[in-house]
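Going line by line, the protein sequences match chains A and B.
Here our numbering is used: the first sequence runs in plain steps of one and ends on residue 731.
Here our numbering is used: the second sequence runs in plain steps of one and ends on residue 1469.
Please note that a few of the clues may not be correct.
Chain B regions said to be covered by chain A (calculated; three or more residues, Cβ under 8 Å) [said to hold, decoys possible]:
1. 1126-1136
2. 1163-1172
Derived pair list, reagent style DSS-like, types lysine-lysine, alpha-carbon separation capped at 27 Å [unchecked claim]:
3. B:1095 with A:596
4. A:706 with A:659
5. A:697 with B:1110
Calculated from the structure, these hints are not laboratory results.
As the structure is a computational prediction, the values presented were derived from the model and not from experiment.
Every residue gets a Cβ at the ideal spot worked out from N, C-alpha and C, and that includes glycine.
Chain by chain, the residues:
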Amino acid sequence: MKPNDPAITWLEERPLGLTERLYLPLFVQGLTTTARHLVSPKVTVSYPEQRPKVGNPLIYRGVHRLNRDPEGRVKCVACFLCATACPAHCIDIVATESPWPDREKYPESFQIDELRCIFCGMCEEACPVDAIELTSLLDLTGKSREEMIFDKEKLLSVYDMTKDAEPMKSAAMGGTL
Amino acid sequence: MNALLPSLPTIVALVKIGLLVGGLMTAAAYLVLVERWMAAWVQDRKGPNRVGIPLTKIRLFGLGQPLADGLKIILKEDFTPRHVDKVLYTAAPVVILAASLAIFAAIPFGSSLPAIPALGLTGEEPLLVAPGLDVGVLWVFALSSIAVYGVLLGGWASNNKYGFLGGLRSSAQLVAYEIPLGLGLLGVVLAAGSLKLDTIMDAQASTGVWYAFAQPLGFLVFLVASFAEAARLPFDLPEAEQELVGGYHTEYSGIKLLLFLVAEFLHMVTAAFLIVIMFLGGWHLWGVTGAGPVETWLVAFIRFAVLSAKILGVILFFMLVRWSWPRFRFDQLMNLAWKVMLPLGIANLVTVAAVEEFRPQLVAALGEGWAKTAAIAIPWGVFFVGWIAAGIFTPSGTDNTPIRTHGPLDAEHALGAKHALGGSKRELVEV
C-alpha cells in the first residue's frame, strides 16, 4: 500500500488546548497517577517464601512428568511420537520389548534434557497415551548440566510428587479429569 | 594555650565538618535506597527488602542495602581504558565530589545550638561550617558551577563519543539553567537584603511569610531550574541512557563511578537544601518554631527536625517527579530555559524589586495590614498572568506534525499539481 493510497485516512495530531499548554493540570494528573501506584497493592511476591500464583495449573507448561497407570507401571509405550514432535530434540528414548502383555514396547530409558527443552508442550500434544505431561512446577534448578538431564525414574518421581495436586488430564486415558 | 594545639574555633569547625560529611555520605547512601524503594513502589514492585544486618538473618526492611551496594561497587574492578587522558580522567570524579561537598560549607544544616559554657562556647553556635561567611549564596553558586566542571572533564577525558556528547549536553543545559536559577535567587536576596543563607531563613521566620508565598514566580523558576541543575528527570539529558549509554560517566567504573553517583545525589540534596532554605522557610514552621534566639536544646532540636523533614519532603518530591514525567527533548529543554524561564524570572525580579521599593508608599496608602496583603497579592497576580501568557504563546512548544511527502489522493494530486495539504500547514513535497 502506497502512502497516497485513497484507502488511507490521514489523521492530524490534535492541537493542545490551553489547559494542556498551561502544564499544571497535566502535572497534577501525572503526580496523582504515580502517587496512586506508590500505595497500590504490589504485583511481585517475595519469591522463595511466597509462591507466585500460577493462573491455571492444567495449562501451565512447567517441568515434565511421566505418568503411571493404575498398576504403577510407566504409561509410556515408547512410540517415539514425542521425540519426533520435539522441536528442540531434547527427548531421548531407548525402547525395548515390553514385559507386560498389554503392549509391545516400553521405554528402557527415557531422558529429557531440561536445558534444551523450550517448554512448548508439543510432546504432551503428541502423546497418544497421555504418558508425558507438563506440570505447573516452575522453578527448575540444578547444580550441573548432568543433573538437568532427567531420566525415567526422575520423571516418574515428578509424577509421584505432583499427582495429588495435579491429576492426570485425560479421563478417557485413565486420568481423573 | 599551647601554640601547637588547635584553637577552639578550629576544633568546633572540624567537628562540624566531620558531622556534616559523615551525615551527608550516610544520607546519600540511604537516599539511594529510598529512591530504589520509590522506583519499585511506583512500578507496583516491592523493592529491595532483603539485606539487613550482615551475617544474621535479620532483614530490617532492607536497611542494610546501602552497605551491600557500597561494598559491591568499591570491590568492583576500577578499569581505566587505554584511550583516556589519565590525569583528567582521574581528576574529574574528585573535582565533582569535592565541589559538591564544599558547597555545604555555606549551607546551614540547622538553626544553632545553645551556648555550652562547659566547653568554652559562650555564644550560640550556628549549625554552619563557615559562620560569618557573608557571601554564602555566592559561594554555593560558584561551587555548584565548578561541579559542572567535573562533568565536563569526565566526559571529555573519557575520549568516548557518548561521554563527550553527555558532557556537551551537560554544559549547554547547565549554562542555560544557571540564569533562571540566579534570577529566582536574586528575588530572595533582594527581599531578604542579605547573601547569608541563615539571614534569609531568619527573615522568613520573623515575618512568617515564606518566600514561596511572597514570590511564587521566583519559586517556580528556581524549582524548575534546580531540577535542571541537579540533572534530575525530566532534565536528565546529560545521561539519557537510551541515547548516550551512560552519558559523561560511560567510561567510568568502580569507585570512580561511585564518586560521580554520590556527587549527583549530593547535587539533589543541595538543591533540596536551597529550595527549603530560600523558599520554604528553612527551620520555620508556624506554631512550632518561631523567630528568636535559641535558648534550649529542645528548640535547637525541633528546628533541626523541621528543617530535615522539609528537606526530606522536597527530596521525595524530586523522586516522585522522576517517575511522573518523561524526559524533555533537547530543543524543548532549551526553549523552556530561554523563552519561558528567563522572561518569567525577570518578571519576578522586577515585581519583587518594585514591591520592595514602593513598600513605604504602600504602607502609607493602605495601612500596615493591607500593605502586607498587597505585597503578597501583587506577585501572585504577576504569577498567574505570566503563567497564562506562557501557556497562550507557548514559546516552548514545537511543531510536531510530521513532514509528509504524500497527502490524500485527489484530483489535483492526480494531475500532478503542487498543492497545500488539506488541514496541514505544510506544503506537499513531491518525491
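Status of each hint after checking the structure:
Residues of the segment 1126-1136 of chain B lying with their CB closer than 8 Å to a CB of chain A number 0, which falls below the three-residue condition for coverage. Evaluation of the coverage hint for the segment 1163-1172 of chain B: breached, as 0 residues show C-beta separations to chain A shorter than 8 Å, against a requirement of three. Restraint check for residue 1095 of chain B and residue 596 of chain A: satisfied, since their Cα atoms lie roughly 24 Å apart, inside the 27 Å limit. In summary, the hint linking residue 706 of chain A to residue 659 of chain A is supported, as the alpha carbons are separated by about 15 Å, within the 27 Å threshold.
For the proposed pair residue 697 of chain A and residue 1110 of chain B, the alpha carbon gap of about 25 Å is at most 27 Å, so the pair holds.
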